[in-house]
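Here the protein sequences come in this chain order: A and B. Residues 0 to 265, numbered by numbering that gives the first Met the number 0, are exactly what the first sequence covers, in order. Residues 0 to 265, numbered by numbering that gives the first Met the number 0, are exactly what the second sequence covers, in order.
These are calculated hints, taken from the structure and not from any lab test. On a predicted model such as this, the values are computed, not experimentally measured, just so you know.
If chains are identical, the list can't say which one is meant, so a pair holds when it fits in one copy or spans any two.
Okay, derived cross-link-like pairs now, DSBU-like style, lysine-lysine, Cα gap no bigger than 35 Å in a straight line:
1. K208 <-> K240
2. K208 <-> K59
3. K240 <-> K59
4. K208 <-> K171
5. K59 <-> K261
6. K261 <-> K171
7. K59 <-> K171
Protein chains: 2
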Amino acid sequence: MDGIVGLRSNAGVEQRRRIRSGSFTGPTAGLAAGNVQANLVILPRSYANDFLRFAVANPKPCPILAVSEPGDPRFPTLGEDLDIRTDLPRYRVWRDGVMVEEPVDVSHVWQDDLVSFAIGCSFSFEEALVEDGIEIRHIACGSNVPMYRTNIPCVSAGVFHGPLVVSMRPLKPADAIRAVQITSRFPSVHGAPVHLGLPAAIGIADINKPDYGDAVPIGADELPVFWACGVTPQAVIAQAKPPFCITHAPGCMLITDLRNTKLAAL
Amino acid sequence: MDGIVGLRSNAGVEQRRRIRSGSFTGPTAGLAAGNVQANLVILPRSYANDFLRFAVANPKPCPILAVSEPGDPRFPTLGEDLDIRTDLPRYRVWRDGVMVEEPVDVSHVWQDDLVSFAIGCSFSFEEALVEDGIEIRHIACGSNVPMYRTNIPCVSAGVFHGPLVVSMRPLKPADAIRAVQITSRFPSVHGAPVHLGLPAAIGIADINKPDYGDAVPIGADELPVFWACGVTPQAVIAQAKPPFCITHAPGCMLITDLRNTKLAAL
Numbered sequence: 000m001d002g003i004v005g006l007r008s009n010a011g012v013e014q015r016r017r018i019r020s021g022s023f024t025g026p027t028a029g030l031a032a033g034n035v036q037a038n039l040v041i042l043p044r045s046y047a048n049d050f051l052r053f054a055v056a057n058p059k060p061c062p063i064l065a066v067s068e069p070g071d072p073r074f075p076t077l078g079e080d081l082d083i084r085t086d087l088p089r090y091r092v093w094r095d096g097v098m099v100e101e102p103v104d105v106s107h108v109w110q111d112d113l114v115s116f117a118i119g120c121s122f123s124f125e126e127a128l129v130e131d132g133i134e135i136r137h138i139a140c141g142s143n144v145p146m147y148r149t150n151i152p153c154v155s156a157g158v159f160h161g162p163l164v165v166s167m168r169p170l171k172p173a174d175a176i177r178a179v180q181i182t183s184r185f186p187s188v189h190g191a192p193v194h195l196g197l198p199a200a201i202g203i204a205d206i207n208k209p210d211y212g213d214a215v216p217i218g219a220d221e222l223p224v225f226w227a228c229g230v231t232p233q234a235v236i237a238q239a240k241p242p243f244c245i246t247h248a249p250g251c252m253l254i255t256d257l258r259n260t261k262l263a264a265l
Numbered sequence: 000m001d002g003i004v005g006l007r008s009n010a011g012v013e014q015r016r017r018i019r020s021g022s023f024t025g026p027t028a029g030l031a032a033g034n035v036q037a038n039l040v041i042l043p044r045s046y047a048n049d050f051l052r053f054a055v056a057n058p059k060p061c062p063i064l065a066v067s068e069p070g071d072p073r074f075p076t077l078g079e080d081l082d083i084r085t086d087l088p089r090y091r092v093w094r095d096g097v098m099v100e101e102p103v104d105v106s107h108v109w110q111d112d113l114v115s116f117a118i119g120c121s122f123s124f125e126e127a128l129v130e131d132g133i134e135i136r137h138i139a140c141g142s143n144v145p146m147y148r149t150n151i152p153c154v155s156a157g158v159f160h161g162p163l164v165v166s167m168r169p170l171k172p173a174d175a176i177r178a179v180q181i182t183s184r185f186p187s188v189h190g191a192p193v194h195l196g197l198p199a200a201i202g203i204a205d206i207n208k209p210d211y212g213d214a215v216p217i218g219a220d221e222l223p224v225f226w227a228c229g230v231t232p233q234a235v236i237a238q239a240k241p242p243f244c245i246t247h248a249p250g251c252m253l254i255t256d257l258r259n260t261k262l263a264a265l
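One chain only, chain A, in its complex shape (with noise of 0.2 Å):
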């Protein structure tokens, strides 16, 4: 039972429970349409309190939608019946910056000092987006969306620190003027986007040459737009080296029993 816009619906739970049965291990995108997918770093806690500080300060790149208990595998404020363990269809895990394993499941590694970060994806602003009618490139094309890593430095907290990673959209500037109003409504998923027009200006040498994920065509009548990117915490924390980390495998996100629409701040 899906559907219905603003109210919590059980879609989540359903796709979660489906994904812990081990009978789904690809891509969330487009499941459980309309709710809240998220992006996933777990941290031993002598790593968290500094990691959770980088992100307070660098709230565009980290919008954090729920910080767990130590030890906790729940996310009580997320979704009924959620086990971060087995919930998400697959997983990296890292030691000392490496990544050593891609599992389904990761309660062999699982320890009691563990924190759990759920941190805002751009699924949900390009919902949005969509919704209004704008084509995002990216999707068009069936590719990755390009990333890039700029000259504008995080703010460091700890062993945190490096710089800002962003996403890349091309769209025409009435479109794009849009894009910001749309976007804007929506700090916890990265919100506005940081810079636009000039790639040049912001530490982009070719922007047909991401750093990472695919390049997409850029029409002579459109501008690139760039959003603050949850791929910053992760290259962050791949340069931090903790001696432990877990996340999300690319494209394998957590689905919450969030709507959308109900992260608008306005």
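Start from chain A and add chain B according to the hints.
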């Protein structure tokens, strides 16, 4: 007693009385700071209905703040003791589309069938931008804002038709994004920009040759940002050539008792 933001102040009525007395005949920029200033169009009733339909169909260039009763020189919703025939520093009188006089008072040409339109003015949103720390180039240069005829047609109504005229302010990309957010809050004074970054896409062949106002320098790290402009209705009226019309003289606006902050939709 001015300066209490959000409260009706009596700086407006004081300035209007000073102007009415004939002791001030210059531009109104900076007078009664924080008060809404308005473009003025006065038309015979037989043209006023079509013009109102034109304005309603084109709210971005023609945001109506108030329409008077036919023949009534007052605007009770805009200010106390306001006489539209005497309270602007300078007017333009038009006959058959030709400007015939630039008087400081229009009592001598007043008719009982005249309808007055107060139309929102960019002074209000510029104040909000400056308040946020954004430099407005033409103010810094001490010149008029550059304005351009575009290839975007207005919606026609009766004899009133023509292209959208836009004003341009160069901004760094992050300031352009902030300016979209700020001016979106002020739909009654032109609202959000209509375009940015690609002048040719809206029919502007040379950004350094505005159709009205003065050219301003644009930095290599800046984008031209375009707002719908109150010159649009003036250009449309000039083209429609009504037998009789009164407008404000450029820069000599109607000072109201309303506060700019009160125009914010959010």
